[in-house]
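Can you join these two chains into the complex? Each is in its own frame, and there are hints to help.
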Amino acid sequence: MRRHLRKLSIYLPPAAAAIVALILGSAATQAPARTPVRSPSTAPMHPNRSSDPVARAAREVNLQETGHLHAVGEPGTMIIERGTAAGTYNCSIAVHLTIVSANKVIAAFTVRPRGGSVTGKGSARFVQQGANGYFGGTIAITGGAGSFAHASGTSIGISGVISRETFVLTVHVHGKIHV
Amino acid sequence: MRARVSISKAHVALLLAAPALCMSAVGAQAAQTVRLQTGFNPNRLGARTTIEFGFQVYDTVSQQAPSPVTNVDLHLPAGLGLATSTLGLANCEPLALIAGGVSGCPANARIGFGSAVVAVPAEGGSIEEEGSLTALVGPPNREHLEVLFYAEGRAPVSAQLVFPGRVLDDHAPFSGRLDTAIPLIPTWPGGPDVAVTRMTSTIGPRGLTYYRHVHGAIVPFRPRGIAVPKRCPRRGFQFRVDITFMDGTRQSSTSSVPCPR
Numbered sequence: 650m651r652r653h654l655r656k657l658s659i660y661l662p663p664a665a666a667a668i669v670a671l672i673l674g675s676a677a678t679q680a681p682a683r684t685p686v687r688s689p690s691t692a693p694m695h696p697n698r699s700s701d702p703v704a705r706a707a708r709e710v711n712l713q714e715t716g717h718l719h720a721v722g723e724p725g726t727m728i729i730e731r732g733t734a735a736g737t738y739n740c741s742i743a744v745h746l747t748i749v750s751a752n753k754v755i756a757a758f759t760v761r762p763r764g765g766s767v768t769g770k771g772s773a774r775f776v777q778q779g780a781n782g783y784f785g786g787t788i789a790i791t792g793g794a795g796s797f798a799h800a801s802g803t804s805i806g807i808s809g810v811i812s813r814e815t816f817v818l819t820v821h822v823h824g825k826i827h828v
Numbered sequence: 002m003r004a005r006v007s008i009s010k011a012h013v014a015l016l017l018a019a020p021a022l023c024m025s026a027v028g029a030q031a032a033q034t035v036r037l038q039t040g041f042n043p044n045r046l047g048a049r050t051t052i053e054f055g056f057q058v059y060d061t062v063s064q065q066a067p068s069p070v071t072n073v074d075l076h077l078p079a080g081l082g083l084a085t086s087t088l089g090l091a092n093c094e095p096l097a098l099i100a101g102g103v104s105g106c107p108a109n110a111r112i113g114f115g116s117a118v119v120a121v122p123a124e125g126g127s128i129e130e131e132g133s134l135t136a137l138v139g140p141p142n143r144e145h146l147e148v149l150f151y152a153e154g155r156a157p158v159s160a161q162l163v164f165p166g167r168v169l170d171d172h173a174p175f176s177g178r179l180d181t182a183i184p185l186i187p188t189w190p191g192g193p194d195v196a197v198t199r200m201t202s203t204i205g206p207r208g209l210t211y212y213r214h215v216h217g218a219i220v221p222f223r224p225r226g227i228a229v230p231k232r233c234p235r236r237g238f239q240f241r242v243d244i245t246f247m248d249g250t251r252q253s254s255t256s257s258v259p260c261p262r
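Keeping their order, the protein sequence lines are chains R and F. 650 is the number of the first residue of the first sequence in this note's numbering; add one for each residue after it. 2 is the number of the first residue of the second sequence in this note's numbering; add one for each residue after it.
Chain F extracted, bound-state conformation (with noise of 0.2 Å):
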């Protein structure tokens, strides 16, 4: 499954001359690095918990925007119990987030929300931008969890977008991954592509709150989060990230949550 590039009210605002950062952008070849960080929410054996992670692109060469990301594969860590946690009670439709965004799906879809930074190409250099994320779960699927990344910007590129991810099967020590595909984004038309640089986001039920009809009143609660294993594997709980980058080059990172103390 390829990403949906949806860029339903997309006003590109420059900042700067448009020839200039094409010249500056023409021939790119960035090597890139990356680096995880994870961490659980809370971290304590037999707990329910939130998942927070994050990725962050180092490019290797200074004053340039690194290859854009286009697929981030997040490993998740064996015997976390994701399907016991009452995230994601409710669907999301891809259209219904493009035309009303967040607020255009149910509040029992969301399941985590973050922050993406992305370089936006610029004379001498990159302008960053940082966006919010939403994830929440997709349309119903037999195979698979879907899970749908919302990111919205404001300036100085305006977009919103819509990328689809999906829980899929892995192999030890990791008991499933999320394997999403990011679109590029253009800064204009012919323009380059921003590039994502930083991205945060939780899977759990930390600043959630859903709602349910109890004798005809809809009462708030908080989701069942993702069930901690009750033993701690001896090097902690590893997670890994496999990044691909437009430039055809592919980047892992692994980070531990450590064993609570």
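Next up, chain R with everything else stripped away, as it sits in the complex (with noise of 0.2 Å):
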């Protein structure tokens, strides 16, 4: 599984980053955020350019996610769902679960909150107990667009049920990101 982390270098005095993160929030897409700014120490110094790129600070979220998703079209060795999540951000959910082996399951995910997306990739154990199937394990954010071009989280633990008759899915994510 191939790590993507996208580090911000926010060389900010603290104050200031947090009324930065304050006034921007999901608002980010309206700025080029896609520039990393460097630290003052590496950044070339442009003071007469008004095109800087505009600082953004890295906000951690304490993410807290529960979908609830159906199948589409016929599974088989790859489940396709879709469905809303709904916690720390309201917003539809996709998820591609491969069936790899008897008992693990790889997890492939796009959720959309307002004002981008973010993708991410991971693996689970997985095991039918009666007319369910349980799975846990941990994923990873690949990527990002608009306000989320830079989010970024590894270990972020993911669990769930689902119906081995009706394929309904249920799923919690928890864990650390970096938006």
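Simulated from the structure, these hints should not be mistaken for lab results. Do not rely on the hints blindly, as some may be mistaken.
[To be verified] The calculated lysine-lysine pairs, modelled on DSSO-like cross-linking and capped at a C-alpha distance of 30 Å, are:
#, chain 1, residue 1, chain 2, residue 2
1, R, Lys770, R, Lys753
2, R, Lys753, F, Lys231
3, R, Lys770, R, Lys825
4, F, Lys231, R, Lys770
5, R, Lys825, R, Lys753
Okay, here's the thing in structure tokens:
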């Protein structure tokens, strides 16, 4: 699994960083935040430029999400699920579950909160018990767009249950991310 | 996990004199070979199917029963959608299976059936006995899927046996393996053990009927089978069986389900 950490090198006074985070929030899509802001010691000095990138403080978010999804298409070795998630962000969610072995699944997901999207991937143990299948593991953020272009996070917990008859899926995601 | 030998209603019917039987079985160190056969029913890419598998043990010493099988490890091809089937919607407890046979467990716990042939040592050779085999999903386990095999034989050795299998992870090119410990089956107290010479079983919906409650009524239905991948590997869907014998030897055999035309 490719670990893709995106770090923002922001060197702002703490008070300024907090104010920036409060002002920008999800409206950070208004600013071209894709260009990372380098530290004062390494950034070129352009005091007269009017198009300097907007400084944006990385914000740690304690992510707690619960998603309710249903299968799309005919499930085989891959199950495509779509639905909605609620919690830290209320948004749509899509999950691709690939059964790679008897007891292991690979989960790739995309969530679309307001202002952008986040994608990630991870693996989980899978065990069937009666009419349900239970899974648990970790995922990592692999990319983002819009307000979440610099989203990052690893070792995010994922767990859930899927009905083996209807493929209705309930998933819980929890962990710290940076947006 | 080792097998639990459960001969709850063991009733050994001897057809031949015990001393003669003992003498013919003492000191046997037979060598064995194994042949595996597998199939999908139906064999169609992207379809839901029933896996059919069977192995036969051939003894290299004629007129002598092979060494008893103590473990069967069946490796399953990559890509089979076992988890997306609806096989085993209920669980079966070993004690209920021992006490009541197959009918002691929910019908929705059954995942396959077949037969087993054992060689019973006899004067001048061995006698073959065929018994029925039923595969059921065992008790819930947080680590892996448990499969219980219930074997029932009538004559000359009457016995009902429950032996557990586990669906475990495996290495490529296999997606998982069904690891089953086979108990030793004594013919009579102090006597030789019978040897499994042939075993066939299915894992899938063919021949199975499940039941569900719909608006107060019990409705029968066929469970959803195992998903066959939409793409077939160049050499077909490869299975392998590793069999361990009581004499300490181990034999393997591979079999491929050919790509459908």
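Here is how each hint holds up against the structure:
1. For the hint linking Lys770 (chain R) to Lys753 (chain R), the alpha-carbon distance of about 14 Å falls within 30 Å, and the restraint holds.
2. A hinted pair counts as satisfied when its Cα atoms are at most 30 Å apart, and Lys753 (chain R) with Lys231 (chain F) qualifies at roughly 20 Å.
3. With a C-alpha separation of about 15 Å, the suggested pairing of Lys770 (chain R) with Lys825 (chain R) holds against the 30 Å cut-off.
4. Under the criterion of a C-alpha separation no larger than 30 Å, the hint pairing Lys231 (chain F) with Lys770 (chain R) is consistent with the structure, at around 23 Å.
5. Distance restraint check for Lys825 (chain R) and Lys753 (chain R): the Cα-Cα separation of roughly 24 Å lies within the 30 Å cut-off, and the hinted pair is therefore satisfied.
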